[in-house]
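Taking the hints into account, I'd like the entire structure generated from these sequences.
From first to last, the protein sequence lines are chains C and W.
Heads up: the first sequence is residues 2 to 363, going by our numbering.
Heads up: the second sequence is residues 2 to 363, going by our numbering.
Worth flagging that the hints you see were computed from the coordinates, not collected in a lab.
Just so we're clear, the structure is a prediction, and the values are computed from it rather than from any experiment.
Any given hint could turn out to be false.
If chains are identical, the list can't say which one is meant, so a pair holds when it fits in one copy or spans any two.
Here are the simulated lysine-lysine pairs, DSBU-like style, with alpha carbons at most 30 Å apart [stated by the list, open to error]:
| # | residue 1 | residue 2 |
| --- | --- | --- |
| 1 | Lys341 | Lys305 |
| 2 | Lys112 | Lys31 |
| 3 | Lys297 | Lys340 |
| 4 | Lys323 | Lys71 |
| 5 | Lys75 | Lys341 |
| 6 | Lys71 | Lys340 |
| 7 | Lys263 | Lys340 |
| 8 | Lys323 | Lys75 |
| 9 | Lys305 | Lys340 |
| 10 | Lys112 | Lys287 |
| 11 | Lys119 | Lys250 |
Protein chains: 2
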Amino acid sequence: MHLETPENKSALSEINGINQPDSISDAVAKQIQQFRRKQPSANELITRIIKGDKIALSRAITLIESTNIKHLEKANEVIQGCLPYANNSVRIGITGVPGVGKSTFIEAFGKHLTSLGKKVAVLAVDPSSSISHGSILGDKTRMEELVKDENAFIRPSASGDSLGGVARKTREAIILCEACGFDTIIIETVGVGQSETAVHSMVDFFLLLKIAGAGDELQGIKRGIMEMADTIVINKADGDNISKAKLAKTEFNRALHLFPAKKSGWIPKVTTCSAITKEGINDVWKIISDYFDLAKENQYFQNKRQEQNQFWMMETINEQLKTHFYNHPDIISLLEQNKKAVQNNEISPFAAAKILLENYYK
Amino acid sequence: MHLETPENKSALSEINGINQPDSISDAVAKQIQQFRRKQPSANELITRIIKGDKIALSRAITLIESTNIKHLEKANEVIQGCLPYANNSVRIGITGVPGVGKSTFIEAFGKHLTSLGKKVAVLAVDPSSSISHGSILGDKTRMEELVKDENAFIRPSASGDSLGGVARKTREAIILCEACGFDTIIIETVGVGQSETAVHSMVDFFLLLKIAGAGDELQGIKRGIMEMADTIVINKADGDNISKAKLAKTEFNRALHLFPAKKSGWIPKVTTCSAITKEGINDVWKIISDYFDLAKENQYFQNKRQEQNQFWMMETINEQLKTHFYNHPDIISLLEQNKKAVQNNEISPFAAAKILLENYYK
Chain C
2 MHLETPENKS
12 ALSEINGINQ
22 PDSISDAVAK
32 QIQQFRRKQP
42 SANELITRII
52 KGDKIALSRA
62 ITLIESTNIK
72 HLEKANEVIQ
82 GCLPYANNSV
92 RIGITGVPGV
102 GKSTFIEAFG
112 KHLTSLGKKV
122 AVLAVDPSSS
132 ISHGSILGDK
142 TRMEELVKDE
152 NAFIRPSASG
162 DSLGGVARKT
172 REAIILCEAC
182 GFDTIIIETV
192 GVGQSETAVH
202 SMVDFFLLLK
212 IAGAGDELQG
222 IKRGIMEMAD
232 TIVINKADGD
242 NISKAKLAKT
252 EFNRALHLFP
262 AKKSGWIPKV
272 TTCSAITKEG
282 INDVWKIISD
292 YFDLAKENQY
302 FQNKRQEQNQ
312 FWMMETINEQ
322 LKTHFYNHPD
332 IISLLEQNKK
342 AVQNNEISPF
352 AAAKILLENY
362 YK
Chain W
2 MHLETPENKS
12 ALSEINGINQ
22 PDSISDAVAK
32 QIQQFRRKQP
42 SANELITRII
52 KGDKIALSRA
62 ITLIESTNIK
72 HLEKANEVIQ
82 GCLPYANNSV
92 RIGITGVPGV
102 GKSTFIEAFG
112 KHLTSLGKKV
122 AVLAVDPSSS
132 ISHGSILGDK
142 TRMEELVKDE
152 NAFIRPSASG
162 DSLGGVARKT
172 REAIILCEAC
182 GFDTIIIETV
192 GVGQSETAVH
202 SMVDFFLLLK
212 IAGAGDELQG
222 IKRGIMEMAD
232 TIVINKADGD
242 NISKAKLAKT
252 EFNRALHLFP
262 AKKSGWIPKV
272 TTCSAITKEG
282 INDVWKIISD
292 YFDLAKENQY
302 FQNKRQEQNQ
312 FWMMETINEQ
322 LKTHFYNHPD
332 IISLLEQNKK
342 AVQNNEISPF
352 AAAKILLENY
362 YK
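What follows is the structure, encoded as structure tokens:
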């Protein structure tokens, strides 16, 4: 039994089912190609990842992202082998609607972190990327400085049909990045749809990026994103924008007080910064550090990670139960019949469900 | 196979597993007792319900609410028999936080409807009632006039462990009420938690009851309840409150415009009323009638009901798939083991899910 059906007809070549990552430079591309030719075993990959080898890390994430069943099994082996070396990190989710300057912010923030001696991995959850082939983090030139940084690793969003699948792959990639020695994991997502909730369930800290006067304040409240935020950072606080950003800070601070207190005991902070002038970037990290001091001290950090692990186990099970049912050969045509009967009020929804379930379990 | 595990050890008596409804009066109680002694068959119940017999209706709803497996089968038979006579109604959901005067409003509104010749059934979805034994609609004396009305039927919320179970029972009770000739079904729910979403998925029209200056405006937005509302009715617009209520009306009207347009093509209306003086109650019905004219004309009404039926079929299936898995003898202890292993980072959540699923499907 496996969690995903391979779409590839042939399982002979490991190339099948893999979206090739963009090469960073010709030299690196050659290294990757050489490494690939060697067809490293799961054990080789694990050994190299633990040593901090970014090429092996890239290669293993590619295995995770593959829809080829052979790759899936190998990927699971690699994850299991990396697991004892994972978990020593802080995981930060960053969201914001298009236009708030997420890429520029992550570049400035990431560079600040590597200047403090940290190793930074940037991953993304973007379910729309299966259509647009990576609308976020896809254009790596937007993070030119960070890409070149020895202590940074940037990976675009996995593609996939469902948010669940994309999120699972990212969640697994976190483990590999941590085993590879990355101590600060940044998960980027776009401020649309349900992807924030998925990211929220895999990070320790959630950062909402905003700009002053965008008029999307109410939308943030509506979708509950503001309620999830541990900090709101108002970006583009430079030049003529500074006074507007300060005003927005006051407004968001007031709005945040209307939400119930957080279980972590943390009071969400609002701050301003400019990813261009770098003004305020250090304050963002100061806020995040303060949060981790508090949450590790009161055990919330540790407890939340345990809860998240259980959540992902249950989510995976619940998703798979549905996949198995709705793709079962005995169910597919029976489901269509019953859907029609329910539509025409010939049978109650509950009686129809009962018939389908009885056929499934018999 | 059955949809719920009976908690009763003996299935010998039909009294087991049934929460006895409060008797409306001693005379009615005696009638019910006599009727119960007769142990009517499913066919008898169907025949009597279709004739408009409220005692048979009560009795059948009690069967639906029972956790006794014998009752469940009989209940399903009754529902199936009533189905061809159901569906000729309008279903109105009413929500509002405690203190907005839901009971008084529903009494005044219900009396207005019966005065127009309508037959009104009032049901409730209140998952908290399993603890408090009916915090809403439980105290029937609060609807004294409507209870005595020949053309009204009032039933407190079913109790149950889960919102899903309570909601399903109410959803089934709607079918019986409709078969019994009730053309206007009101579903009451409290303005807390997820019960609004459940009610929204079983009604044609959603009414949000408010009072002026309660300070819960933002909370309504936060939970998306305001977004679900087809009308906001500001109650207690009497005496000194009238000007405050008018002000609130303007504010809510402005807030509603910030939400995206409804698929029904309907523009949500805000109105004021007093359940005490009856002022404005007829306007509420006018708004609802206008909505139904529009939604039936543009087929939204019919399409939404079909969608809702399918939704309930799928929901029932998805819930049952989980119930079956998590209660499976092979899974229970294995799940505990894997939960612990996941907590201690000995296994990834995904590998643990895989082990559990392999054991389940083998």
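Hints broken by the structure, by number, lowest first?
none
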